[in-house]
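K.L.:
Sequence:
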Amino acid sequence: MAATEKLYSPHLLALAVELAQYPANPALSLFGKAKSPTCGSVMSLYLETDNDGRICDIGLKTQACAVGQAATAIFARHAKGKNVRDIDDMISALDSWLNDAGPIPEWSDLGIIAAAKDFPGRHGAIRLPWQAAYRALHSII
1 MAATEKLYSP HLLALAVELA QYPANPALSL FGKAKSPTCG SVMSLYLETD NDGRICDIGL
61 KTQACAVGQA ATAIFARHAK GKNVRDIDDM ISALDSWLND AGPIPEWSDL GIIAAAKDFP
121 GRHGAIRLPW QAAYRALHSI I
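Numbering of the sequence shown is given in my numbering, commencing with residue 1 and proceeding in unit increments.
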């Protein structure tokens, strides 16, 4: 199997359609934006948190490659209930994994995009949703 076939699996490509479940919603109180320096993918993330600081609503707009769209869908599937510390910890774990200094982070479904780790040009796209969430959540601290 060619490396790109492994990267762009049908499962990864199917994640892009899930993004329609999270339409951009500027009425939500928190906003974060991230851009990949390597591929130019951009994500705008709108969040709402509950009284405990946990994500309770998500809206997004993503202009990204297939890997960025898949990472965003995986983030959106499991972000509700997470707080700023969870996101900060995930960013650290994600960076360690992408730099071969740690295991794949514990975030459900992340294994779907694990093949992208072998493509450094896609690392920025993988980080997009967590970076946008970091910016949104840290805007209230």
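None of these hints come from the bench; they were simulated from the model. Note that the Cβ used here is the ideal one computed from N, Cα and C, for glycine as well. Treat the hints loosely; a few may be bogus.
[Claimed, not checked] In silico DSS-like cross-links for lysine-lysine, where the CA-CA straight-line distance does not exceed 27 Å: (1) LYS80 to LYS61; (2) LYS82 to LYS33; (3) LYS35 to LYS117; (4) LYS33 to LYS117; (5) LYS35 to LYS80; (6) LYS82 to LYS61; (7) LYS35 to LYS82; (8) LYS117 to LYS80; (9) LYS61 to LYS35; (10) LYS117 to LYS61; (11) LYS82 to LYS6; (12) LYS6 to LYS35; (13) LYS117 to LYS6; (14) LYS61 to LYS33; (15) LYS117 to LYS82.
[Claimed, not checked] Cβ pair distances, simulated, as ranges: (16) GLY40 to LEU13: 17 to 23 Å; (17) ASN99 to GLN21: 16 to 22 Å; (18) GLN63 to HIS138: 20 to 26 Å; (19) ALA101 to PRO37: 31 to 37 Å; (20) HIS11 to SER139: 31 to 37 Å; (21) ALA24 to SER96: 17 to 23 Å; (22) ASN51 to GLN21: 33 to 39 Å; (23) PRO26 to ALA101: 36 to 42 Å; (24) ILE104 to ASN51: 19 to 25 Å; (25) GLU48 to SER96: 16 to 22 Å; (26) VAL17 to HIS138: 26 to 32 Å; (27) ASN51 to ALA101: 35 to 41 Å; (28) PHE31 to PRO10: 17 to 23 Å.
K.L.:
Please go over all the hints and tell whether each is borne out by the structure.
P.N.:
Going down the list of hints, with the structure as the test:
1. LYS80 to LYS61: holds (17 Å)
2. LYS82 to LYS33: holds (18 Å)
3. LYS35 to LYS117: holds (18 Å)
4. LYS33 to LYS117: holds (22 Å)
5. LYS35 to LYS80: holds (22 Å)
6. LYS82 to LYS61: holds (20 Å)
7. LYS35 to LYS82: holds (22 Å)
8. LYS117 to LYS80: With Cα atoms ~25 Å apart, LYS117 and LYS80 stay inside 27 Å; holds.
9. LYS61 to LYS35: holds (12 Å)
10. LYS117 to LYS61: It holds: about 24 Å lies between the C-alpha atoms, which stays within 27 Å.
11. LYS82 to LYS6: With a Cα-Cα distance of about 30 Å, the restraint between LYS82 and LYS6 is violated, given a limit of 27 Å.
12. LYS6 to LYS35: Measuring from Cα to Cα gives roughly 25 Å; hence the hint holds.
13. LYS117 to LYS6: This hinted pair holds, its Cα atoms lying about 11 Å apart.
14. LYS61 to LYS33: holds (9 Å)
15. LYS117 to LYS82: Holds, because 24 Å separates the two Cα atoms, which is no more than 27 Å.
16. GLY40 to LEU13: 17 to 23 Å: holds (19 Å)
17. ASN99 to GLN21: 16 to 22 Å: violated (32 Å)
18. GLN63 to HIS138: 20 to 26 Å: holds (23 Å)
19. ALA101 to PRO37: 31 to 37 Å: violated (20 Å)
20. HIS11 to SER139: 31 to 37 Å: Roughly 33 Å apart at Cβ, these two residues keep to the hinted range, so it holds.
21. ALA24 to SER96: 17 to 23 Å: violated (31 Å)
22. ASN51 to GLN21: 33 to 39 Å: The hint (33 to 39 Å, Cβ to Cβ) is violated, given that ASN51 and GLN21 are roughly 25 Å apart.
23. PRO26 to ALA101: 36 to 42 Å: With a Cβ separation near 37 Å, PRO26 and ALA101 satisfy 36 to 42 Å, so the hint holds.
24. ILE104 to ASN51: 19 to 25 Å: Violated: the Cβ-Cβ distance is about 32 Å, outside 19 to 25 Å.
25. GLU48 to SER96: 16 to 22 Å: Given range 16 to 22 Å: violated, Cβ gap about 29 Å.
26. VAL17 to HIS138: 26 to 32 Å: holds (30 Å)
27. ASN51 to ALA101: 35 to 41 Å: Once the Cβ atoms are compared, 36 Å apart, the range 35 to 41 Å for ALA101 and ASN51 holds.
28. PHE31 to PRO10: 17 to 23 Å: With a Cβ separation near 33 Å, PHE31 and PRO10 fall outside 17 to 23 Å, so the hint is violated.
This entry does not satisfy hints 11, 17, 19, 21, 22, 24, 25, 28, going by the numbered hints stated previously.
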